[in-house]
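Visitor: In case you want the letters, here they are:
Number of protein chains: 2
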Amino acid sequence: MRILVLGGDGYLGWPTALHLSRRGHDVGVVDNFVRRQYDHEMGVDSLVPILQLSQRVRLWNEVSGLDLDTYVGDLTDADFVDTVVSRFEPDAIVHFAEQRSAPYSMIDRKHAVYTQVNNVVGTMNLLYAIAEHDPSIHLVKLGTMGEYGTPNIDIEEGFIEITHKGRTDLLPYPKQPGSFYHLSKVHDSHNIQFACRIWGLRATDLNQGVVYGQQTDETTMHPGLATRFDYDGVFGTVLNRFCVQAVVDHPLSVYGKGGQTRGMLDIRDTLACVELALLHPAEEGEFRVFNQFTESFSVLQLAEMVADAYPGKVRIEHVEDPRVEKEDHYYRAAHTKLLDLGLVPHLLGPSTLRDILAVADAHRDRVDPLAIAPTVQWRTTASTLPTASGRPVG
Amino acid sequence: MRILVLGGDGYLGWPTALHLSRRGHDVGVVDNFVRRQYDHEMGVDSLVPILQLSQRVRLWNEVSGLDLDTYVGDLTDADFVDTVVSRFEPDAIVHFAEQRSAPYSMIDRKHAVYTQVNNVVGTMNLLYAIAEHDPSIHLVKLGTMGEYGTPNIDIEEGFIEITHKGRTDLLPYPKQPGSFYHLSKVHDSHNIQFACRIWGLRATDLNQGVVYGQQTDETTMHPGLATRFDYDGVFGTVLNRFCVQAVVDHPLSVYGKGGQTRGMLDIRDTLACVELALLHPAEEGEFRVFNQFTESFSVLQLAEMVADAYPGKVRIEHVEDPRVEKEDHYYRAAHTKLLDLGLVPHLLGPSTLRDILAVADAHRDRVDPLAIAPTVQWRTTASTLPTASGRPVG
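Chains D and V are the protein sequences, given in the same order.
With the working numbering applied, the first sequence corresponds to residues -10 to 383, in that order.
With the working numbering applied, the second sequence corresponds to residues -10 to 383, in that order.
Chain D extracted, bound-state conformation (with noise of 0.2 Å):
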């Protein structure tokens, strides 16, 4: 299968190049390099050293024998986006090319609108270009389970079927999300939805869960194949972060009470279901939700895991939540559609918590503790960060 990674220089999608690649696929990888500018801005980098795009390409080959096409430009530029399209041919396109933190999104209306108009017309640019160019091409599509934001009733994938004053229809899943960032993935999916139906475009929304881990069977082939690793307060998810915090001797950070609960998954398995989804392609004009996760967990789980796995002390101290969020809620989230195409998931435990705790304790060193303390407020129109311009960098 011929298939491009849009992003494929991010945390998911440098090991999602690497693992198509090996598995037989022929792979090109499209980025701008804009998520290593928002380190420039933030004044953070990411935990294990990463090398640059090139030299990760070259790489692989010494190390696989295999070839990543590579192609450099911004989704927002819609002559980019036709010319790779065109010129790769590819048989479906994983999209991982979004501004895809929630902090960021909130620091100000600049990062705010920024992000909504960087993730909605670098989709809306891919959607024309692949109706133009090919609609049969699969449209694999990274959202997020935090569209859902946490209805009282169970979160079905994507679609749920409505009884109401005697009569029924299945009916797209009532979004609350809970940051710019978040509704930018909203706004997505209603636009993705309505090309499929227009077009007759196929097209994956994969709402995944916060993701963890950092090593991949790839990945691990050769130091230099390394994807980032991010633990600072506005790119650093939840696990990582804690077990960054750990080994530092940081206390764990937890945003209020801890009852937030997420859907959660291994790196591997990123992989797995992208693979997964892209094998078994979604039907002419069909768009599909997968709910991308493995596991439920509270964020005062998370810690109480990580305290128990971490061999030295480990301190858990509540921090007031910066976000506008129940700190205690309802949460069960379906999650088969995956598994029945044959995930088979790396479930959470001490084994996996102490290879996390090894990747942050191997680099301990490039921890700046100063950048794990959450900067943005979802309170106030506008966050002071000690290093950002307070111009986004996209």
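Just so you know, the hints here were simulated from the structure itself, not pulled from any lab data.
Hints are not guaranteed to be accurate.
Distance condition first, Cα-Cα at most 27 Å in a straight line; then the derived DSSO-like pairs of lysine-lysine [to be verified]: (1) V:Lys154 <-> D:Lys326; (2) D:Lys154 <-> V:Lys99; (3) V:Lys154 <-> D:Lys315; (4) V:Lys246 <-> V:Lys154; (5) D:Lys99 <-> V:Lys99; (6) V:Lys246 <-> V:Lys315; (7) D:Lys246 <-> D:Lys326; (8) D:Lys302 <-> D:Lys246; (9) D:Lys154 <-> V:Lys302; (10) V:Lys315 <-> D:Lys154.
Interface residues of chain D toward chain V, partial, derived using beta-carbon atoms under 7 Å [as the list claims (entries may be wrong)]: (11) Met113; (12) Tyr117; (13) Ala120; (14) Asn141; (15) Lys154; (16) Pro161.
These numbers were taken from a predicted model, which means no experiment stands behind them.
For every residue, glycine included, the Cβ atom is placed at its ideal position computed from N, Cα and C.
Keeping the supplied structure of chain D fixed, place chain V upon it in accordance with the hints.
Guide: Here is chain V on its own, set in the frame of chain D:
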């Protein structure tokens, strides 16, 4: 009350501004005149001649003795939005200032992206300006009944109580919009609801049906106070277009079977609804939705009503539906909230139809028959228009 009317030079914005002014409110009008530029781009014009905003405002002062403040600028310019909100210090803002044509948004990629960015960013800038300047400002935002699409269950006003697997929650009504324009309104709704939740803003989303008519109590006080009247294939809405077709002996062009059913309302009821929303503001932190229409009709019913009301001979013609929509469907939508606030609707009957036909007849020499046919096809990604430049003017 101090009220800003955004898009106050438009079809509904202008008569709303006059109505609120005459009812004793201090009114400021904001516009960037892009609606008039669309006319140039499309090579069409309002059937009823309209004056420049500055002339209209001067005339209103002569006729009524009342002043309207004017602010000329673009909502996508955040500095402009901040300046207007801080200078005028409104109690409420009525927001009509969006690209509001579904066909315009479906011309091609550039017009789709323009529509979404223009509408979404303008509204985001407004939300930030309100939150930063004065969160108690009541935002009255024009949405559309088209946000809901045509589900097979009853449409409620913004929210629906769902009982699912033994649990119950009141959730945002699922949205199935039918164009990139309608999608932009769905995106707005999600963004506004979020801003109410995190910043305690108060907002009313008026999901308006298709408006018909052109004359209001204030615009008829002087011919120079007339508002625009569109009959062309891109900006003309269905009933107004049928009336023009009748008077110029053009067949009434029904798209497809004509079973498409939509909520409709008289232009005078738009003004009344907006005022009712203003006089009964949303609570702090409340995002509420009113379905703003008074009756539902199928397109074919409307054509038949116009044919009955017009004294001359009228032919009804079924043309291929340029849109992707159900031509026959269930449609039952709640619209009690504005009635509960005291709305007394002007229902659609022969006398209203005769009034609209009279407006059309008075300006029949200005009708361009070539502008009437639908030119924008939903099923293709780019429609070739006779006069369009291929680049949105906004």
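Visitor: Indicate, hint by hint, whether the structure satisfies it.
Guide: The hints, checked one at a time:
Note on V:Lys154 and D:Lys326: the hinted pairing holds, with a Cα-Cα distance of about 19 Å set against a maximum of 27 Å. Restraint check for D:Lys154 and V:Lys99: the C-alpha separation of about 41 Å exceeds 27 Å, so the hint is violated. Note on V:Lys154 and D:Lys315: the hinted pairing holds, with a Cα-Cα distance of about 22 Å set against a maximum of 27 Å. With a C-alpha separation of about 39 Å, the suggested pairing of V:Lys246 with V:Lys154 is violated against the 27 Å cut-off.
For the proposed pair D:Lys99 and V:Lys99, the alpha carbon gap of about 22 Å is at most 27 Å, so the pair holds. Using a Cα cut-off of 27 Å, the hinted pair V:Lys246 and V:Lys315 holds, with the two alpha carbons roughly 9 Å apart. Restraint check for D:Lys246 and D:Lys326: the C-alpha separation of about 32 Å exceeds 27 Å, so the hint is violated. Our distance criterion of 27 Å between C-alpha atoms is met by D:Lys302 and D:Lys246, whose separation comes to about 21 Å.
About 43 Å separates the Cα atoms of D:Lys154 and V:Lys302, which puts this hinted pair outside 27 Å; it is violated. Only pairs whose Cα atoms come within 27 Å are accepted, and V:Lys315 paired with D:Lys154 is accepted, the gap being roughly 22 Å. At about 6 Å, the closest approach between the beta carbon of D:Met113 and any beta carbon in chain V falls short of 7 Å, and the interface hint on this residue holds. Hint status for D:Tyr117 relative to chain V: holds, with the closest Cβ pair at about 4 Å, below 7 Å.
For D:Ala120, the shortest C-beta to C-beta distance to chain V is roughly 5 Å, which falls under 7 Å, so the interface hint holds. At its closest, the beta carbon of D:Asn141 sits 4 Å from a beta carbon of chain V; the interface hint therefore holds under the 7 Å criterion. For D:Lys154, the suggested interface contact is upheld, since its CB lies about 5 Å from the closest CB of chain V, less than 7 Å. With 7 Å as the threshold, the beta carbon of D:Pro161 comes within range of chain V, its nearest partner Cβ sitting at about 5 Å, so the hint holds.
This entry does not satisfy hints 2, 4, 7, 9, going by the numbered hints stated previously.
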